[in-house]
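Peer 1: One-letter residues, chain by chain:
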Amino acid sequence: METILYLAHTESDGSLGKAALESLTAAKALAEQTGGTLVAGLVGEDVQAAANTIAGAGASKVLSVSGADFAQARYATDAAAAEALCKAAGATLVVAAGDSRWNRVLPGVGHRLGGRADLHITQVNGAGDISVTRWFYRQRMEGSFTRTQRPWLLGIDPGTQTPWQGDAGDTVVEAVTVETGDARTTVTGVKAPNTDEQTIRPDANVLFVAGAGWTKKQADGQTHVADAEKNILGFLQAAQASLGSSKSLVDLSSEGGEVLSFMTHLNQVGQTGATPRHPKGLSTCCHGEEPHVVGWRFINERRAVNLDANCGWAQGKADVLYVADAFEVMEKVNALLAE
Amino acid sequence: MNELPEGIERQGMDVDIVCVGFGPAAGGFLTTLSRAMMNDDGTPAIESRTMPGMPPQVMCYERADDVAFGVSGVVTRARGIRATFPDLNPGEIPLTAPVKDEKVIYLLDPHGASRRSGMLKLADKTLGLLKPVLGVKDHAYELPYIPPFLRKHDGLLLSIGQFNQWVGGQVMGSGLVQVWPGTPVTKPLVEKDTVVGVQLTDQGVDKTGAPGAGFMPGMEIRAPLTVVADGPIGPVGRQLDEHFGMPEGHHQRDWAVGMKMVVDLPEGCELEPGTVLHTLGYPEPEIFGFLYVYPGNVASMGIFVPSWFDNPVRTSYRYLQHWMLHPYLWKHLEGGTLRSWGAKSIQEAGRRGEPHLVGDGYARIGEGSGSTNVLTNSGVDEAWTTGTQLAEAVIELLKEGKDFSRENLEATYVKRRRESWVEEEGRIAEHARDGFQKGFIRGLIGTALAGMTRGKLNLACTAPRPHERIPSIEEYYKGRIPPGEIAAIRKECVRKGLSLHDALMERAGWPEIPLDGQLLMSHQDALLVGGKVQAMEGYADHVVFIYPHLCERCGTKTCVEICSAQAITMNPEGDVPLFDREKCVHCGACIWSCSEGREDDPEHGNIEFRAGAGGLHSAEN
Amino acid sequence: MSNGYHIVVCAGIVPDPLQTLEPVQTPQGWGLKNEMMLPAVLDPWASHALYEAANLAKNAPGSKVTLVSVAPKAKLQQVMMTLAQKVPFELVAADAPAGGFTDANDVAAVLAEAIQAIPDLDMANLLLFGGWESASRGAGATMQILGEMLGITEQFQGVDEITVTAEGKLQILERIEGGRHQVSECAGAPVVLGWATGNLPEPKNNPQVGMQNMRTVMPSLQKARPAALSGEDLNYAGIEVPKATRETRIEKNMSADEIAQEIVAWIKG
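Chains as they are written, first to last, in the numbering used here: chain Y, 1 to 339; chain X, 1 to 621; chain Z, 1 to 269.
Don't read these hints as lab results, they were simulated from the structure.
Treat the hints loosely; a few may be bogus.
Straight-line Cα separation of at most 35 angstroms, DSBU-like style, residue types lysine-lysine; simulated pairs [to be verified]: (1) K243/Z <-> K18/Y; (2) K230/Y <-> K33/Z; (3) K268/Z <-> K332/Y; (4) K438/X <-> K217/Y; (5) K491/X <-> K217/Y; (6) K478/X <-> K496/X.
Note that this is a predicted model, so its numbers are computed, not measured.
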């Protein structure tokens, strides 16, 4: 019988993040489908509050590794904590959020335990042979597979599951001790853009994709980069949208071309960029093909504004394509949003 | 060339042999050469002159970003290739198949929109009347007989991209030759009429070539022998022609642009692997087409738009779409999907366009050396063979310790070439296409005459320079579209940035293309989806309009219409067209489609085609 | 750092991202249609790692860069011809499949063996670089497993920047949620860095660098030994390309005002 360890870390305020609650849904599903035992393992400075919030999740017990050392997201301590929790639980399956903190350590922990780890999991299926699904070749194909090796650690891609909801309550937490040794790394802080420069909003309703057309010559033979910036930033502010960009537009910024000043590699979608998940996506001045299009594979509703009615980026991939000048349209959109 | 900024030096390097361009000619050269460089015991069979004790240091520089990014629709008898690889197994090279079935098809015009002469109309009518007898079906007539000079029955279908990749892998696997893709060569280094090497292209420059951030001057690669294999439009070959002139009576005035697609045929398509179709007659009589079927339900197909097709607004892409939509072909293609797309210029003057093959310190091989045969429609195998001939000559000279002087290269390389089938067949083909200068039917007769009599009879004439024969748009559409209307259409197109060619064709009765986003897509989508065109930052524009005043007086702007990639566009603010380097596929059709002859060099038009980086990123063409 | 760093960059190859990819079942398991005929490039994130490594080595005297690659020899050779012109490195190659359906554990094992066999490997000054995931396999796991195999417990993923402080410590920026970076300070080598894109542009092709690299690249390629990937543990139930085609409503004749109104209604809806 499988023993499923639900592995989670607390946020800086002691709570469990959205991704953690999503992965709990997957862990519970696996436990139910396999008829296995669910154990929770929490890591953080102080995990009691978090343990209480998942009191109704049906874990047979809640283990924890806590203390000041575990407030920080760093490999040495997190890996030691996860390793200890897996051992203490006797886990055969481990389910954790595929966030930056767990993705950093799960594969290494899997190796330590003589098991295997897979990240970026989008679906788990516990019926029959336990199988999982994830994307290959930059979201261009989806594969499902099984493994024989145990323990099997799974990092669940954020945004792929419904966050678990259930009753809170008092929970007894069993502490697991971990020898951390000398951690040679200290997390000194987080570097975030100023609020008014914020262009990446993972929880935004809309992803705004800017294509290279914004910095190219327009109908009058001139570039209008200042107008482009005004239009794009105006929209991001008004709609609280997140900004994505094609690779070519991002590359320009590192090569000294005429560029959008706020665009960095972090904004890139597709190819070597991100494939964010948002309910809606609006693409503008893009012209591209498959490797770019993967950037909005996980956008549910898609619209595009482009001058080319046959644009491969939009046709067959967007729900609506407006054949129009994005400069003109976005200016008007911004005006309407400001009303 | 711009002067170097202070404190920056142009670096140099000495090697034994520098080769410009990696195509079939260089493939043949490097394969043959590398096999002879080492003894079985691991000691050099030939010694380097620049690095004594080592085998010769051989460098090959290719402009494209990969050795596999060439373009050609290859059906070949592969005589030269098989001589190099006697045990060649087509199954080893992707997109390769033996020829099984050949057909030549005359396509009638189902729309009545093409421009056909009275004689051709008569022929079409006759075919119509004899339809049941001749078996005319789907507006097409399959010729009952294929002249022997056209037959490739013992040959191979190849993808030049895959073939080059296969050859490149073996050549580099020998460890004796370095082939550097993504490295354009700007010019030959000529000192006192001796070629002493080449200069690579500057990087980190602006559009005009002026040094910018990260400037890196192109290296000088100095070598006792420079092998020029940069194809028909290669800047090194063309500059040598400029420096040394052409041999008496030789000129390169016959050109064509070949545009092709590689397509996944629809499921259940009846075309068998190894099928070869050659078409003529449609979409315009001057435009020939081909369709070759590979294993795996994949086909390579395309058209040739020649320099003697007198339409000044000749956009190959649109013609290619009409050609595919011809009922005879579309019945096989409908439901297919574009895999790859590409275009290239073909030097159709062949043997008559042969430059000086050798000089002190250099030798020319491949298509740029006039090896393409327009009678047999074959170029790859000929190019390959010239490469192997040069390699044999070079091995001989190296072993004998002789230098690469004109005399020595004449006595070894040129001698081999003159005694070979490439020369013999090239001579037969010399005047085969001349008839086309004066009309389609005359051209067919001339080709047949030359082919059947092995060149003894032909309809020889002196071809005018390409720019001399491009009529004005008004002349071309005389009697079909009034000049006033042409002016209005043109104005509208410039204003909206639309294709003039498309607008004029539709006005002349051609149907709109029913785009399906799969096989029939916009020109730009074909570029992105099929050609995967890319250009690295930091290079200068390689298409340059030399004298603005010539562009100002030019009314046709054929360069804009012929541009295979829509990289040359009308300038809304002036008469000198705009060039977008990022779209260019380096087909070079603009070179021979300029309608303005230069005052200082009437043989050539007003466009300079320099060394440039980037282009197609498809390995299947 | 008097000795400088030994920066070992792990980088596989992937099909040029512009190519059309189609999964097929082969006798050897899942692969891509015409896999060997697809032009290849160095794995993009690993390329960034290599450029960052070269840049760091340039600024830390005494450092050197070794590129370790597990890939089919013939394809690797072609990729090297382009790559070798960009930055100086020495190559260590293992001849093995590089497809996206290989198991990260197997690849890590081959890499570990190749790295441990580097004759002058300087563990104390080792910076182990790689991409934070591959553009083919996309597992995001190989570098961590490899780090464990080599006993390195200071690991960083999604790295965009590394700075050597005046005291010789490493300051590292890792991508975390929300377009932010976590800033860490590590006492020093050995460390594992799985790179995101970093901040450096792709270096230009420099034939001189190419020549210098070829002295070691060619012999390394020739020496590359076949390595087996066991793939025992991993069983694929299926690989599918998503049906991405949507019915696109194309609006050619709406005014900018109308479009703006529709977009705003849609966003708010």
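Peer 1: All hints are to be evaluated individually against the structure, with a verdict given for each.
Peer 2: Hints and how they fare:
Straight-line distance between C-alpha atoms of K243/Z and K18/Y comes to about 29 angstroms, which keeps the hinted pair within the 35 angstroms bound. Proximity of K230/Y to K33/Z is assessed by CA-CA distance (about 45 angstroms); at most 35 angstroms being required, the pair is judged violated. Taking the CA atoms of K268/Z and K332/Y, the gap is about 15 angstroms. The hint holds against a cut of 35 angstroms. Between K438/X and K217/Y the alpha-carbon distance is near 43 angstroms, which puts this suggested pair outside the 35 angstroms criterion.
Between K491/X and K217/Y, the direct Cα distance comes to roughly 20 angstroms. Compliance with the 35 angstroms bound is thereby established for this hinted pair. Annotation: proposed proximity of K478/X to K496/X holds, straight-line Cα distance about 25 angstroms (limit 35 angstroms).
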